[in-house]
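Visitor: In case you want the letters, here they are:
Protein chains: 2
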Amino acid sequence: MNAAFDLSVDNVVFGFDGEQLQVLLIRQGLPGVDMAPDRFHMAVPGDLVFPEEGLDQAAHRILSNLTSLDGIYLKQFRAFGAPDRVFEEKDREWLTRIRPHPERRVVTIGYYSLVAMADYTPRPSSFASRAEWCPLSDLPRLAFDHNDIVKAGLLQLREDVARESVIFELLPEKFTLGQLQRLHEIILDKDLDKRNFRKNVKRMEGVVPLDEKQEGVLHKPAQLYTYVRPQ
Amino acid sequence: MNAAFDLSVDNVVFGFDGEQLQVLLIRQGLPGVDMAPDRFHMAVPGDLVFPEEGLDQAAHRILSNLTSLDGIYLKQFRAFGAPDRVFEEKDREWLTRIRPHPERRVVTIGYYSLVAMADYTPRPSSFASRAEWCPLSDLPRLAFDHNDIVKAGLLQLREDVARESVIFELLPEKFTLGQLQRLHEIILDKDLDKRNFRKNVKRMEGVVPLDEKQEGVLHKPAQLYTYVRPQ
Chain U
318 MNAAFDLSVD NVVFGFDGEQ LQVLLIRQGL PGVDMAPDRF HMAVPGDLVF PEEGLDQAAH
378 RILSNLTSLD GIYLKQFRAF GAPDRVFEEK DREWLTRIRP HPERRVVTIG YYSLVAMADY
438 TPRPSSFASR AEWCPLSDLP RLAFDHNDIV KAGLLQLRED VARESVIFEL LPEKFTLGQL
498 QRLHEIILDK DLDKRNFRKN VKRMEGVVPL DEKQEGVLHK PAQLYTYVRP Q
Chain W
318 MNAAFDLSVD NVVFGFDGEQ LQVLLIRQGL PGVDMAPDRF HMAVPGDLVF PEEGLDQAAH
378 RILSNLTSLD GIYLKQFRAF GAPDRVFEEK DREWLTRIRP HPERRVVTIG YYSLVAMADY
438 TPRPSSFASR AEWCPLSDLP RLAFDHNDIV KAGLLQLRED VARESVIFEL LPEKFTLGQL
498 QRLHEIILDK DLDKRNFRKN VKRMEGVVPL DEKQEGVLHK PAQLYTYVRP Q
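Chains U and W are the protein sequences, given in the same order. One rule links them: number in my numbering = place in the first sequence (from 1) + 317. One rule links them: number in my numbering = place in the second sequence (from 1) + 317.
Incorrect hints may appear among the rest.
Remember, identical chains collapse to one label, so a pair may be satisfied in a single copy or spanning two.
[Said to hold, decoys possible] Calculated lysine to aspartate or glutamate pairs in the DMTMM-like style (CA-CA distance at most 25 Å, straight line): (1) Lys468 - Glu449; (2) Lys407 - Glu369; (3) Lys407 - Glu370; (4) Lys392 - Asp477; (5) Lys468 - Asp373; (6) Lys392 - Glu476; (7) Lys468 - Asp401; (8) Lys516 - Asp387; (9) Lys507 - Glu486; (10) Lys507 - Glu476; (11) Lys407 - Asp355; (12) Lys468 - Asp387; (13) Lys468 - Asp334.
The hints are simulated quantities; they were obtained by calculation from the structure and are not laboratory data.
Chain U with its partners taken away, still in its complex shape:
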């Protein structure tokens, strides 16, 4: 009745390449061991929480540890605690190799993060043998219940976009209204009317036109905008 739990955090990091949403994945490996690339699964970056550490603190530490990504927006969105979260042989073997108590039930706290892909090149470390962006539309079978975690993170992102300014974390510093509309369409998974969208943008606090236009494009260069977080 009173077996203990291990506690982890898992970070769903969304990036935007101007065309589609991507998710940052790591290849689960063993530190310092060279092995067949498909021996273990790909996963979202996550690990165990230390005994004296807060959850948000752990999320930042672990993400930095595995992917060298620091100081980004992170939002807790859900705990995942199904008793059968670990069910595949590959996952069990990896746990056995890397965890001091591989038999323990692990409850994980899901965080999501948003990154402008232009600002970050994946750099794996610790037990991550690789780190790379993967299009949301083309996810492989991930470790544990990580496919569910990514799906839940996306649903939360959709809800939050409807009422918060989180979306600007995904854009470069200077962006066009076309990019802003495309990003809304991708996250909300529906087409938006261009005229209505531009009307709505006028009401969005913090979207500021710059005295600059796009450079190096073949079509007519579009006006650039930036986002200034309201104080």
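Put chain W on the given structure of chain U with help from the hints.
Guide: Showing chain W alone in chain U's frame:
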């Protein structure tokens, strides 16, 4: 580095009495022991998750166990895992008396629930020596970080009311538009214009006028409405 965690759920149950929001609290006691009422704190109903149990399942079991409240709306909203969640002497003593591993760090998953107060009379059991409604505006110092958990539950309820139909869980089967407006005002913590509110109600899916009016009131009896969840 690898101490284990205990995992609990805590349920913030909101009730509405027609005038204000209330929260369901239990008095922490020891099963079968009669003791001074202020020996331990009041708390929201929560307890440890069993080793083989899902989180939602645990939330329902524990709420039923402590308060005899069954089959209600429960929504996970946040994990609370600050390393210093247990800091008061009273709380430590209670844990020592009731938990097999009182020294273990406990991470708790917060759920909130909504109940029409007319439908439920608190019935304590297990280690709850009492169970009672307490106005949100008049909460005592609660056990552990439960004051923070209630506050966070209220914030989540506010967000959800803005986009979901959860609010109807708090109303009796038949209600007036005055009651519906008052409940919105309390949750959103602002006054609403009566005419605009009634216009908005017309757009709310599922709010259906009944062929009935209030009975037993001194003022002019108001039209009654009910809520039919859209399929």
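Visitor: For each hint, tell me whether it holds in the structure or not.
Guide: So, going through the hints one by one against the coordinates:
Taking the shortest Cα distances, Lys468 and Glu449 sit within 25 Å of each other inside one copy (18 Å), while across copies they are farther apart (39 Å). In this assembly of identical chains, Lys407 and Glu369 lie within 25 Å of each other by CA distance solely across copies; the values are 22 Å between and 30 Å within a copy. In this assembly of identical chains, Lys407 and Glu370 lie within 25 Å of each other by CA distance solely across copies; the values are 24 Å between and 29 Å within a copy. For the identical chains of this complex, Lys392 and Asp477 are neighbours both inside a copy (10 Å) and across copies (17 Å), given an alpha-carbon limit of 25 Å.
With identical chains, the CA atoms of Lys468 and Asp373 are at most 25 Å apart both within one copy (21 Å) and between copies (18 Å). Proximity of Lys392 to Glu476 under the C-alpha cut-off of 25 Å is found in both arrangements, the shortest distances being 13 Å within a copy and 15 Å between copies. For the identical chains of this complex, Lys468 and Asp401 are intra-copy neighbours only, at 18 Å inside a copy versus 32 Å across copies, given an alpha-carbon limit of 25 Å. Taking the shortest alpha-carbon separations for Lys516 and Asp387, neither the intra-copy value of 35 Å nor the inter-copy value of 48 Å comes in at or below 25 Å.
In this assembly of identical chains, Lys507 and Glu486 lie within 25 Å of each other by CA distance solely inside one copy; the values are 20 Å within and 31 Å between copies. For a Cα distance limit of 25 Å, the shortest separation of Lys507 from Glu476 qualifies both inside one copy, at 14 Å, and across copies, at 23 Å. In the homo-oligomer, the alpha carbons of Lys407 and Asp355 lie at most 25 Å apart inside one protomer (10 Å), although the nearest pairing across protomers, at 52 Å, exceeds that limit. In this assembly of identical chains, the alpha carbons of Lys468 and Asp387 lie at most 25 Å apart only when taken from the same copy (24 Å versus 30 Å across copies).
Taking identical chains as interchangeable, the C-alpha atoms of Lys468 and Asp334 lie at most 25 Å apart only when both belong to the same chain, with a minimum of 19 Å there against 38 Å between chains.
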